[in-house]
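Trainee: One-letter residues, chain by chain:
2 protein chains.
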Amino acid sequence: MKILIVEDDLALSDVISFTLRRAGFDIITAHDGLAALTMWEQHLPDLVVLDLNLPKLDGLAVCKRIRAQADTPIIMLSVRSSDEAIVQGLELGADDYMVKPFSPSQLVARIRAVLRRVGATLTPSSELMVGTLQLDRSRNEAQCLGQAAIRLTPLEVRLLEALMLNAGQVLSTDGLIDTVWGVEGGDRTMLKQLVYRLRTKIEPDPTQPIYIETIPGVGYAFINAKSAKG
Amino acid sequence: MKILIVEDDLALSDVISFTLRRAGFDIITAHDGLAALTMWEQHLPDLVVLDLNLPKLDGLAVCKRIRAQADTPIIMLSVRSSDEAIVQGLELGADDYMVKPFSPSQLVARIRAVLRRVGATLTPSSELMVGTLQLDRSRNEAQCLGQAAIRLTPLEVRLLEALMLNAGQVLSTDGLIDTVWGVEGGDRTMLKQLVYRLRTKIEPDPTQPIYIETIPGVGYAFINAKSAKG
DNA sequence: GTTCCGTGTTACCATGTTGTTACCGCGCCA
DNA sequence: TGGCGCGGTAACAACATGGTAACACGGAAC
Chain A
393 MKILIVEDDL ALSDVISFTL RRAGFDIITA HDGLAALTMW EQHLPDLVVL DLNLPKLDGL
453 AVCKRIRAQA DTPIIMLSVR SSDEAIVQGL ELGADDYMVK PFSPSQLVAR IRAVLRRVGA
513 TLTPSSELMV GTLQLDRSRN EAQCLGQAAI RLTPLEVRLL EALMLNAGQV LSTDGLIDTV
573 WGVEGGDRTM LKQLVYRLRT KIEPDPTQPI YIETIPGVGY AFINAKSAKG
Chain B
393 MKILIVEDDL ALSDVISFTL RRAGFDIITA HDGLAALTMW EQHLPDLVVL DLNLPKLDGL
453 AVCKRIRAQA DTPIIMLSVR SSDEAIVQGL ELGADDYMVK PFSPSQLVAR IRAVLRRVGA
513 TLTPSSELMV GTLQLDRSRN EAQCLGQAAI RLTPLEVRLL EALMLNAGQV LSTDGLIDTV
573 WGVEGGDRTM LKQLVYRLRT KIEPDPTQPI YIETIPGVGY AFINAKSAKG
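Chains as they are written, first to last, in this note's numbering: chain A, 393 to 622; chain B, 393 to 622.
Source of the hints: derived by calculation from the structure; they are not laboratory data. Quick caveat, the model's predicted, so the values are computed rather than measured. Treat the hints loosely; a few may be bogus.
The list treats identical chains as one, so a pair stands whether inside a single copy or across any two.
Cross-link-like lysine to any residue pairs, in silico, SDA-like; alpha carbons within 20 angstroms at most [claimed, not checked]:
{"id": "1", "residue 1": "Lys584", "residue 2": "Arg531"}
{"id": "2", "residue 1": "Lys456", "residue 2": "Arg508"}
{"id": "3", "residue 1": "Lys456", "residue 2": "Leu436"}
{"id": "4", "residue 1": "Lys492", "residue 2": "Asp475"}
{"id": "5", "residue 1": "Lys593", "residue 2": "Leu583"}
{"id": "6", "residue 1": "Lys593", "residue 2": "Val549"}
{"id": "7", "residue 1": "Lys593", "residue 2": "Gly609"}
{"id": "8", "residue 1": "Lys492", "residue 2": "Val479"}
{"id": "9", "residue 1": "Lys456", "residue 2": "Arg504"}
{"id": "10", "residue 1": "Lys492", "residue 2": "Ser473"}
{"id": "11", "residue 1": "Lys492", "residue 2": "Arg472"}
{"id": "12", "residue 1": "Lys394", "residue 2": "Gly416"}
{"id": "13", "residue 1": "Lys492", "residue 2": "Ala477"}
{"id": "14", "residue 1": "Lys492", "residue 2": "Ser474"}
{"id": "15", "residue 1": "Lys593", "residue 2": "Gln539"}
{"id": "16", "residue 1": "Lys448", "residue 2": "Ile458"}
{"id": "17", "residue 1": "Lys394", "residue 2": "Arg508"}
{"id": "18", "residue 1": "Lys394", "residue 2": "Asp463"}
{"id": "19", "residue 1": "Lys584", "residue 2": "Ala460"}
{"id": "20", "residue 1": "Lys584", "residue 2": "Pro598"}
All chains, full assembly: derive it from the sequences and hints.
Mentor: The structure is reproduced here in structure tokens:
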């Protein structure tokens, strides 16, 4: 179980590392926001302990970037104990928020609680099936009920995954851009390109999509689900 | 999204209920440990907010019993702020632990964080229904009782939303202009344009509106409601 | 090096959306 | 009776958006 600790106070970082190692976790560390993102991408840890007050890139920004790409559990640390700060942190996607100073043992307990919940929930399978369409994330392939598998590019997988994970819901253009390219990444032109390319691959008739619906002025939605609205 | 609140302090229980209801949750309550278990079995809520200091059956015991049967998320409340207490609570299977006193808004944020992790879709329903007309804000569509959905433009959605949210009331021309275009945005000509276009889309007979009524010299009102709001 | 693939860029067209102007009819009031 | 303000209707221009296509670039594979 690998944990990334992002904390610029070296002494505190050491204390946390020590405690968590003793609790049986694999620990990697970063001391500023940019390094954190690099480490995260390279190691893909199972959980991130994230200080908010960081040099180079703010902790909230780091959280946003990680959330744009993955669902890695995040526990925030901060001296800010105000309600607004905590609510903001949680709404940005954190799983827990601890106010400094805190006791290492409580951190361990909270990490375990979050990981327990993730373990109970997360499907380790790299496959995702909605309606008649199946996406295999590890092989970069989509398959349509008995038909031959279709090879997808990494970006196409990201897009299709985002849409399928939120099947039936409308995802905004900007949100999708963030999800696929990360904040500061793409633009509308590239998104429509990507949607077009994906459609030509997976739609039987791209002019009349049965999977990816356009909601003009808003975004796109994955359909073909029995959506079970009610 | 149904939440069971277990809290013996009736005043606090009411405050929490009120806040969570306002946040859009379905609330059921219990005021002692045994009642909590009964309620839990009968209603199988999506999450439990559990005070630890309870009559009849201790909160920790309640937690244990629930955990023995199911994986329902649990957020513990307690005046005990010691590390041992928190660690014990989390190790017993709680997903989060909040020390009293706490702010309602933080509780809402933490509930959302846990539910998000569990994978619950808590889309606060982007739909708005008044009388026989239904507006889907996320899809920019209006639907009239069984008939096909009608695609609306963003501005039309803004206008219709304003009218429907205040169904039965008269909204002034200037107020509507502000709502739709923002201060410094539109003029009367554009509003009447927009009303006209909206009417041609949603009214069966635009010359005799059944939804959008004109109040000359004042503004517009959404009708077709059994108004009688309770 | 050459080829191929994934990606980014530019361009074009059709359509949809919004802003503008104009005209009509009606009730009001001098 | 004749302006005047108001609201409904219409036509049109300006602009934004989405789909399509062709091409350029860079890195990986051969």
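Trainee: Given identical chains, is Lys456 near Leu436, meaning Cα to Cα at most 20 angstroms, within a copy, between copies, both, or neither?
Mentor: Within one copy only: 16 angstroms inside, 33 angstroms across.
Trainee: Measure nothing new, just compare the shortest in-copy and cross-copy C-alpha distances for Lys456 and Arg504 to 20 angstroms and report within, between, both or neither.
Mentor: between (23 angstroms within a copy, 17 angstroms between copies)
Trainee: Could you figure out if Lys593 and Gly609 sit no more than 20 angstroms apart (CA to CA) within one copy, between two copies, both or neither?
Mentor: between (24 angstroms within a copy, 17 angstroms between copies)
Trainee: Between the shortest in-copy and the shortest cross-copy C-alpha distance, which are at most 20 angstroms for Lys448 and Ile458: within, between, both, or neither?
Mentor: The answer is within: 16 angstroms in one copy meets 20 angstroms, while 45 angstroms across copies does not.
Trainee: Check Lys492 against Asp475 for me: Cα-Cα at most 20 angstroms, and say if that holds within a copy, between copies, both or neither.
Mentor: both (14 angstroms within a copy, 14 angstroms between copies)
Trainee: Under a CA distance limit of 20 angstroms, which applies to Lys456 and Arg508: within one copy, between copies, both, or neither?
Mentor: Answer is between: at 15 angstroms across copies they meet the 20 angstroms cutoff, but 23 angstroms inside does not.
Trainee: Should Lys584 paired with Pro598 be assigned to within, between, both, or neither, using CA atoms and 20 angstroms as the limit?
Mentor: within (13 angstroms within a copy, 36 angstroms between copies)
Trainee: Within a copy, between copies, both or neither: where do Lys394 and Arg508 come within 20 angstroms Cα-Cα?
Mentor: within (14 angstroms within a copy, 22 angstroms between copies)
Trainee: At 20 angstroms max between alpha carbons, let me know whether Lys593 reaches Gln539 within a copy, between copies, both or neither.
Mentor: within (13 angstroms within a copy, 33 angstroms between copies)
Trainee: First find the shortest C-alpha distance between Lys584 and Ala460 inside one copy, then the shortest across copies, and answer within, between, both or neither for a cut-off of 20 angstroms.
Mentor: Within one copy, since 19 angstroms is at most 20 angstroms while 41 angstroms is not.
Trainee: Classify it for me, Lys593 with Leu583: is the Cα-Cα distance of at most 20 angstroms met within a copy, between copies, both or neither?
Mentor: within (15 angstroms within a copy, 30 angstroms between copies)
Trainee: As a check of your reading, is Lys394 near Gly416 (CA-CA no more than 20 angstroms) within one copy, between copies, both or neither?
Mentor: Within one copy, since 10 angstroms is at most 20 angstroms while 36 angstroms is not.
The structure shown violates none of the earlier numbered hints.
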